[in-house]
Amino acid sequence: MRVGLFVTCLVDLMRPRIGFAAIELLEAAGCEVIVPATQTCCGQPAWNSGDRASAAKLAKKVIAEFEGFDYVVAPSGSCADHIRNEYPSILADEPEWLACAAALSPKVFELTDFLVNVAKLENLPGHFSGSVTYHDSCAGLHSLGIKAQPRALLAKLPDVRLKEMNAAEECCGFGGTFSVKFGDISAAIAERKCTNAVATEADAIVGGDLGCLLNIEGKLRRMGDEETRVLHIAEVLTAK
Amino acid sequence: MESRSHRFKENAAAALANPVLQANMRTAKGKFVDKRAIAIKEIDDFEGTREAAKQLRNLVLENLDLWLEKFETNATARGAKVLWAKDGAEICRHVAEIGKRHGIKKAVKSKSMLSEEAGLNQALEATGIQPVETDLGEYILQINNNEPPSHIIAPVVHKSLDEVADLFEKVHQTPRKTEIPALTREAREVLREHFLTADMGISGGNFLVAETGSVALVTNEGNGRMVTTLPRVHVVITGIEKVIPTLEDLATLMRLLPRSATGQSISNYVSVLTGTKAPDELDGPEHLYYILVDNGRADVIGSEFQEMLRCIRCGACMNHCPVYQTIGGHAYGWVYPGPMGSVLTPLYTGLENAIDLPHAATLCNQCGVVCPVKIPLPDLLRKLREKQTDKNLRPWMERAVLKAWAFVAASPTLYALGAWFGVRYLKWLAGGKASIPVLSAAPEWTKGRDFPAPEGKTFRELYAERKAKP
Amino acid sequence: MSSREDILGRVRAKLGRNETNAVAARTGIDVILAAKAQGPRPHVAMEMSALAGRLIDKSLAYSSTVDQIATQAEAPAAIARYLAGLGLPTQAVIWPKLADLDWAGAGITVAAREAQDADLVGITGCFCAVAETGTLMLCGSPDSPAAISLLPETHIAIVPASRIVPGMEEAFALALNELGQLPRAVNFISGPSRTGDIEQTIVLGAHGPYRVHLILIDGE
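Chains as they are written, first to last, in our numbering: chain A, 1 to 240; chain B, 1 to 470; chain C, 1 to 220.
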């Protein structure tokens, strides 16, 4: 099956290795992976800021770039949710585009969800060794039902021990533009998340959304914790 | 109540810097969240019950005018008088007139958020009627110079035992007590005297039952029952959206409200009150008034925000909100805090008067998940943001940045160029370290945390390089 | 224009109300009111013994205490035992409709009137009881005044097992059926009054009773 990889702008800018890890995983699952070169951002920041016009412009761009694939996969629950569940609302007033958004919607998946439920990946290419704790990012959890999938994949790695943290499902305080509009509130919420995560004494905090992970990593380092690693699930599953 | 919502950022900063408040919020959070989680498991079909509650609330809103008329007819038939108030000032005028008509000197009140919207206590004092708040939390606030509540069902959630002990010692002029049961008894004794001597009781109304013309009141302390049983005049102040069709609907909602609010299977007292005392009855009010209040609600009907009017005021959204848990309720600046407040405040007090509130949410959707009547709170917050954008109410700098970003993101070439420079600049700023402690482009971010350094090249560059290799 | 007309007028305008759709909507409202549809119900076993068992379990969970006797005639003696056990006074204010039991024989002095502040014990019956949540339903009337279950520190309620219904729905139906209309004051009571306002710590005995004691009559 032909899978279009939606890299996400944060991965593009900040952590390209997550993008390559996603490709490796998808190829290990037997997919033909195509990365449209013109992709930029899904438009979520515009939509969540109340700028419908910009959100619509970017939605149309993504639809045009990705509508030809069997599936669209993103290493982010937040971006996948936006494309899958919000594009139809964004384009509700433009019937032709609405039809395209509706057609694309069921083909869009978050990476771990796709690997477990669609591609049914059995053998992982990586062999991470150590203990991890998993942060459930909000959009993936509540809108796409991402909860068991990353844990199922982690369970396939013989040397990984999952140590659940208290309140794993609580928001980390990132919230996209919220983190730069209300920095002190955002950081205070992040502190609770970090405290819960560190209490597990896991070697790494793992998640499926880079925004949350950058928030958690930034707060951890500010709290003086240089030890605990902060990793995307794709990095763990492909670790060498 | 005068809104301080326009000062949200300053209010929130003060809350974050208040160690007592921070400790109190941490204590409260666990209790609310854990108790609800246990209580909802008692319901075999909790999701089905939520859906039923959503449907029945929608049924009313879709024909609200006719349901109000139905309620009015049935309540009037049982001897109640139904009054209408467009705003807070009119609530105050009605209550003052009722007070004058019946020669009222003292009014005991059970909790009513509409009374807060109207600033009723101050208005009553001005007309010579002594208002006495009788919900323990509201009483504590009243004797603390009319401090506003910070939560719709737990008004003093922001206060510690020590603060209450100090306050009682000072106001009651009694030896300082440090046990919660002793403080509760002290308040009971003070307030019992007021219950027995008041000639008017003022309550809110959790629901108005159209079928029977009744008001349903849900309380734990028993003050709601006192206020509606002992004084000779009872005034119910409630929003026009509170109508429900039948007693069966009340039963359905009572499976949700206490569980969502306090994690109880049922509240201690659910009172369904209809009409006035019969001549041969030994207790109960001789006069019953309903004040049905608009104060912004009518304009929400038929709008894209109508779903907000399903709200049954349980407080679950704020109990589960990471932002509320962090800053408490006062920061929101008006009567209703948390996610429901961030929707209601701009709708009722004006979009431009609560510019930050719709943005003061991570859109994590925990509120939407726990809402017993399935209000899509994050969607409503986002729609409010859109309204602000449409009316050019956001700061010009923010709008400019967003527009510039959207312009760049729409052009792959510009985007690639900007990204190329951006990641190299950040990498240079990090100076070989893993994170950047101060970032002038995002000062809000680095106030409380580091900014992790990028790898140094974009994915698109690296991917192109890889493709180019044989 | 009156505020009533102003408010209803704006609601009507927002809803696009006109005379035609008003007729249809009014019919819809009457259908809803006649249907009295119920929402999903938690499972509650319906046999009388199961209902009584559930009422007892849930009442205990709500910090009430429960005693079981065979006939109403035994109630005064059971209540006397309860009061003596806790060292409570033997003077009580009582629903007029219960005043005829042999209270003097059990050593209890009852006053059948409205409740006063000085009353420390209040004895009531109940209209019915709701098994689902362990809740008493009391209906105010001249011979069952509402404040007797509220002002005294101790509330004792006599509950015939035959008056236990599964849920609030059945309790309302019973009231409408037997009384013709809802009485002025319907009070559902689940345990002693309580508050959690200070530090979310639950304290029993806020403004109402500190203790609620159920006398469950198995045979009636």
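None of these hints come from the bench; they were simulated from the model. It is possible that some hints are incorrect.
As the list claims (entries may be wrong) - Computed list of lysine-lysine pairs in BS3-like fashion (alpha-carbon distance at most 25 Å, straight line):
1. B:K374 with C:K36
2. B:K433 with A:K240
3. A:K57 with B:K374
4. A:K61 with A:K107
5. A:K147 with B:K41
6. B:K383 with A:K60
7. A:K181 with B:K391
8. A:K163 with B:K31
9. C:K14 with B:K387
Now the hints, each set against the structure:
For the given pair, K374 (chain B) sits about 22 Å from K36 (chain C) by alpha-carbon distance, which is consistent with the 25 Å threshold. A distance of roughly 23 Å separates the Cα atoms of K433 (chain B) and K240 (chain A); the hinted pair therefore holds under the 25 Å criterion. Between K57 (chain A) and K374 (chain B) the CA atoms are separated by roughly 30 Å; this puts the pair beyond 25 Å, and the hint is violated. Our distance criterion of 25 Å between C-alpha atoms is met by K61 (chain A) and K107 (chain A), whose separation comes to about 16 Å.
Between the alpha carbons of K147 (chain A) and K41 (chain B) the distance comes to roughly 20 Å, so the proposed pair stays at or under 25 Å and holds. With a C-alpha separation of about 20 Å, the suggested pairing of K383 (chain B) with K60 (chain A) holds against the 25 Å cut-off. For the proposed pair K181 (chain A) and K391 (chain B), the alpha carbon gap of about 20 Å is at most 25 Å, so the pair holds. Taken as a hint, the K163 (chain A) and K31 (chain B) pair is honoured in the structure, with Cα atoms around 24 Å apart against an allowance of 25 Å.
For the suggested pair K14 (chain C) and K387 (chain B), the alpha carbons sit about 19 Å apart, so the restraint of at most 25 Å is met.
Checked against the numbered hints listed earlier, the structure breaks hint 3 alone; every other hint is satisfied.
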